[in-house]
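One-letter residues, chain by chain:
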Amino acid sequence: DVKVTQSSRYLVKRTGEKVFLECVQDMDHENMFWYRQDPGLGLRLIYFSYDVKMKEKGDIPEGYSVSREKKERFSLILESASTNQTSMYLCASSLTSGSTDTQYFGPGTRLTVL
Amino acid sequence: GQNIDQPTEMTATEGAIVQINCTYQTSGFNGLFWYQQHAGEAPTFLSYNVLDGLEEKGRFSSFLSRSKGYSYLLLKELQMKDSASYLCAVRDKAAGNKLTFGGGTRVLVKP
Chain A
1 DVKVTQSSRY
11 LVKRTGEKVF
21 LECVQDMDHE
31 NMFWYRQDPG
41 LGLRLIYFSY
51 DVKMKEKGDI
61 PEGYSVSREK
71 KERFSLILES
81 ASTNQTSMYL
91 CASSLTSGST
101 DTQYFGPGTR
111 LTVL
Chain B
1 GQNIDQPTEM
11 TATEGAIVQI
21 NCTYQTSGFN
31 GLFWYQQHAG
41 EAPTFLSYNV
51 LDGLEEKGRF
61 SSFLSRSKGY
71 SYLLLKELQM
81 KDSASYLCAV
91 RDKAAGNKLT
101 FGGGTRVLVK
111 P
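First to last, the sequence lines map onto chains A and B. Numbering-wise, the first sequence is residues 1 to 114 according to our numbering. Numbering-wise, the second sequence is residues 1 to 111 according to our numbering.
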């Protein structure tokens, strides 16, 4: 079974703090993704990575950055957290970018920015 | 861009059938996924359609019509544990094969 883990289930931070969200997958997947999920808006793609040290902007990258130094780990960074970044953050991975490849999700991190 | 529409909420009775519709507009359709997400948990993969027709997996079936930009997820013999959100997601070649998700349909199964 594919396992995608995220460093925290719940996180509370203050406005202006730097926040790191970590994601690790154990199935040697090439692709990793960060989404945020908000009521009524569904999952929206923030950033993704097809390989180590490679990153691509998703649909809503503003206010975020990412790091992929190792194949199994993909980090999402909020340089200066703001209240509008309060959300559920979901990490996902897939084997390749082939059309049939399924994305497998981690349990999510619910971030609250005060 | 892409536009994916699905109903916000549906209610059904245990043992019944529910059909969740999903319509989409995309320039380079390359597959449609359905995920199930229980409250507070990660989305889990249910089904994948890339060709027209029906894919059946036990109590769950998914249908696709590419010419109509339409899919549905059919849940048969509903059980209380089927109460969850169901997410429709479309893969688009023109967008680098990224997935775009609809807002999700929350299904409530009542006894």
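The set of hints was computed from the structure by calculation and includes no laboratory data. Treat the hints with care, since some could be wrong.
Stated by the list, open to error - If you want the ones that stay clear, here's a sample from chain A, every Cβ over 10 angstroms from chain B, calculated:
no.	residue
1	K18
2	F20
3	H29
4	M54
5	S67
6	K70
7	E72
8	S75
9	T86
10	T102
11	Y104
12	V113
Claimed, not checked - Calculated cross-link-like contacts (lysine-lysine; reagent style DSSO-like; alpha-carbon spacing at most 30 angstroms):
no.	chain 1	residue 1	chain 2	residue 2
13	A	K3	B	K93
14	B	K57	B	K98
15	B	K93	A	K53
16	A	K55	B	K93
17	A	K55	A	K18
Claimed, not checked - What follows is a list of derived Cβ distance ranges for each label pair:
no.	chain 1	residue 1	chain 2	residue 2	range
18	B	K68	A	K13	44 to 50 angstroms
19	A	E30	B	G28	20 to 26 angstroms
20	B	T44	A	R44	17 to 23 angstroms
21	B	L51	A	E62	34 to 40 angstroms
22	A	M27	B	V50	21 to 27 angstroms
Cβ atoms here follow ideal geometry from the backbone N, Cα and C, with glycine treated the same way.
Okay, the hints, checked on the actual structure:
The beta carbon of A/K18 is kept farther than 10 angstroms from every beta carbon of chain B, the shortest such distance being approximately 26 angstroms. No Cβ of chain B approaches the Cβ of A/F20 within 10 angstroms, the least distance being about 20 angstroms, so the stated non-interface status holds. The Cβ of A/H29 sits about 14 angstroms from the closest Cβ of chain B, beyond the 10 angstroms cut-off, so the non-interface label holds. Look at A/M54: its CB is around 13 angstroms from the nearest CB on chain B, clear of 10 angstroms, so calling it non-interface holds up.
At the 10 angstroms boundary, the C-beta of A/S67 stays outside the reach of chain B, the nearest C-beta of that chain being 20 angstroms off. Residue placement check: A/K70 keeps its beta carbon more than 10 angstroms from all beta carbons of chain B (closest about 22 angstroms). For A/E72, the non-interface assignment is confirmed: its Cβ lies about 18 angstroms from the closest Cβ of chain B, beyond the 10 angstroms cut-off. No beta-carbon of chain B comes within 10 angstroms of the beta-carbon of A/S75; the shortest separation is about 18 angstroms.
With a minimum CB-CB distance of about 16 angstroms to chain B, A/T86 clears the 10 angstroms threshold, and the non-interface call stands. At the 10 angstroms boundary, the C-beta of A/T102 falls inside the reach of chain B, the nearest C-beta of that chain being 5 angstroms off. Here A/Y104 does not stay apart from chain B, with its beta-carbon only about 7 angstroms from theirs, under the 10 angstroms limit. No beta-carbon of chain B is positioned within 10 angstroms of the beta-carbon of A/V113; the least distance is around 19 angstroms.
With a CA separation close to 27 angstroms, the supplied pair A/K3 and B/K93 stays within the 30 angstroms bound. The hinted pair formed by B/K57 and B/K98 meets the criterion: a straight-line CA distance of about 25 angstroms does not exceed 30 angstroms. Annotation: proposed proximity of B/K93 to A/K53 holds, straight-line Cα distance about 23 angstroms (limit 30 angstroms). As the CA atoms of A/K55 and B/K93 are separated by approximately 18 angstroms, the hinted pair is consistent with the 30 angstroms bound.
Taking the CA atoms of A/K55 and A/K18, the gap is about 20 angstroms. The hint holds against a cut of 30 angstroms. The hint said 44 to 50 angstroms for the Cβ distance between B/K68 and A/K13, and at roughly 45 angstroms that hint holds. The hinted window of 20 to 26 angstroms between A/E30 and B/G28 holds, with their beta carbons roughly 21 angstroms apart. At about 19 angstroms, the CB distance of B/T44 to A/R44 agrees with the hint of 17 to 23 angstroms.
Under the hint 34 to 40 angstroms, the C-beta atoms of B/L51 and A/E62, about 37 angstroms apart, fit the expected range. Checked against the hint of 21 to 27 angstroms, the C-beta distance between A/M27 and B/V50 comes to roughly 23 angstroms, which is consistent with it.
Figure legend: structure checked against the earlier numbered hints; hints not met, in rising order: 10, 11.
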